[in-house]
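Line by line, the protein sequences give chains W and F.
So for the first sequence, my numbering puts the first residue at 1; every next one is plus one.
So for the second sequence, my numbering puts the first residue at 1; every next one is plus one.
In case anyone wonders, no lab produced these hints; they're calculated from the structure.
Treat the hints with care, as some may be off.
[To be verified] As a list, the in silico SDA-like pairs of lysine to any residue whose alpha-carbon atoms are at most 20 angstroms apart:
#1 F/K37 - W/A122
#2 F/K52 - W/V115
#3 F/K150 - W/D118
#4 F/K150 - W/H128
#5 F/K52 - W/F131
#6 F/K150 - W/F111
#7 F/K146 - W/A197
#8 F/K37 - W/N132
#9 F/K146 - W/A17
#10 F/K150 - W/Q198
#11 F/K150 - W/I72
#12 F/K138 - W/T21
#13 F/K150 - W/V115
#14 F/K150 - F/K52
#15 F/K37 - W/H125
#16 F/K150 - W/L18
#17 F/K37 - W/Q107
#18 F/K89 - W/I73
#19 F/K138 - W/A17
#20 F/K52 - W/F111
#21 F/K37 - W/V126
#22 F/K52 - W/H128
#23 F/K52 - W/V126
[To be verified] For each label pair, taking beta carbons as the anchor points, the in silico distance ranges come out as:
#24 W/G158 - F/H35: 53 to 59 angstroms
#25 W/R153 - F/G51: 25 to 31 angstroms
#26 F/K37 - W/V25: 48 to 54 angstroms
#27 W/L34 - F/N135: 49 to 55 angstroms
#28 F/S145 - W/P183: 40 to 46 angstroms
#29 W/G158 - F/A100: 56 to 62 angstroms
#30 F/N135 - W/L114: 23 to 29 angstroms
#31 W/L78 - F/K150: 32 to 38 angstroms
Ideal placement from N, C-alpha and C gives every residue a C-beta, glycine not left out.
Each chain, written out:
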Amino acid sequence: MALVAFCWWSAQNDQLALHETAGEVLVGLVIFRLIWGVVGSSTARFADFLRGPRGVAAYIGELRRGRSEHAIIGHNPLGGWSVAAMLGLLVLDLGLGLFAVDVDGDQPGPFAGLVSFDQGRAIAHVHHWVFNTLLALIVLHLAAILFYAVVRRDNLVGPMLTGAKAAVREATPMKGAPLWRLPVVAAISALAAYVIAQGGKL
Amino acid sequence: MKFNAYWLVAGLVLAAASAAVADNAASVIQARQAHYKQIGAASKGIHDELGKPAPSAAVIQGFAKTIDTLAPQIPSWFPPGSGPEAGVKTAAKPEIWTDAAGFSAVASAFATEAHHFDDVAQGGNIDAIRAEYTNLGKACFACHSKYRAKED
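Required output: the full structure, derived from the provided sequences and hints.
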């Protein structure tokens, strides 16, 4: 989150070298999150928080009636798709950034050698607009968190940070992933991000 | 009466001229952008070549020549009336004309740097080219940061 903000700041302030580094670190974090979504703790897994249309509809019904019939550990069915959409746009935008070319043509993305100057400039513009869309989704997500905090008196941020949610009956608590997976997945992600930052060369 | 007829003719000429200028502004801006894209593409070409395991000095020399040829022409691409007031999409800021001295200074600094870079490129030493390329980028930026509008 802080890095996304930093990416925005660096792009707005002509700090293209910092922008590129920040983007490449973000590539590593996103790769980590994608792998963690498959092998990580139960609440981080995509299979856990991505529900079908029926699950989402049922949850909206519960929200309307103002009560939840069962407690939710992890992302709720609506928030889960919000997370997926943000992650998807972030992946798209980082991918575009790898091919983007700046106006001076002297600080292009690591894979921009594969596209022409004009194509790279066009990609840079789409990169910009995808980011603005992502920004809108982030605002929506934060607004929803605020709604839960104020209207429903449900603090969603604490459990996100600590992984612990107090006093929920009949809910399955989070199952952490074996601890050894954390450094392994982190190392794989860091290596992958490094290779990408080098334009695909080791 | 003769006096009025002169004024009429003068007015007509002026009106025709300003219509031509407005028409002309669009083509001036288009030509300017096409030229800048040539410079940008050449710059990217140098960057791409320097990123290769064994950069070719000859390829870089070609791009350096392109930039060196175009750079001194830059002031001529900005005739009065070819700014945002032309009603055509352009990132050229009004400061180019209101701060003409400042613009002229960075433009000529860029031309000097482009020429110097060309000299270094003709020398064929890749390490020297790589070092000088950073300065070329700074010379682009010196003008863009002040006289080119941000995209938004």
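Check your understanding: Between F/K150 and W/L18, is the straight-line Cα distance small enough, at 20 angstroms or below?
Key -> holds (18 angstroms)
**Study point:** 20 angstroms limit on alpha-carbon distance, applied to hinted pair F/K52 and W/V115
**Key:** Status holds; Cα separation ~15 angstroms.
Exercise for review: Hint says 48 to 54 angstroms; check whether the CB-CB distance for F/K37 and W/V25 agrees.
Suggested key: violated (31 angstroms)
**Study point:** Given pair status - W/V115, F/K150, alpha carbons within 20 angstroms
**Key:** violated (23 angstroms)
Review point. Hey, F/K150 versus W/H128, does the alpha-carbon distance stay inside 20 angstroms?
Key: holds (12 angstroms)
Review point. Given the hint that F/K89 pairs with W/I73, does the C-alpha gap stay at or below 20 angstroms?
Key: violated (51 angstroms)
Check your understanding: Would the pair F/K146 and W/A17 pass a check requiring their Cα atoms to be no farther apart than 20 angstroms?
Key -> holds (19 angstroms)
Check your understanding: Is it true that the CA of F/K150 sits at most 20 angstroms from the CA of W/I72?
Key -> violated (45 angstroms)
Review point. Given the hinted pair F/K52 and W/H128, is their alpha-carbon gap at most 20 angstroms?
Key: Violated - the C-alpha atoms of W/H128 and F/K52 are around 28 angstroms apart, more than 20 angstroms.
Point to revise | Satisfaction of hint between W/F131 and F/K52, Cα-Cα up to 20 angstroms | key: violated (30 angstroms)
Review point. Is the gap between the beta carbons of W/L34 and F/N135 within 49 to 55 angstroms?
Key: violated (40 angstroms)
Practice item. Take a look at whether the Cβ-Cβ distance between F/N135 and W/L114 falls inside 23 to 29 angstroms. Key: Because 27 angstroms falls inside the window, the suggested range holds.
Hint check: violations occur at hints 5, 6, 7, 8, 10, 11, 13, 14, 18, 22, 23, 25, 26, 27; the rest are consistent with the structure.
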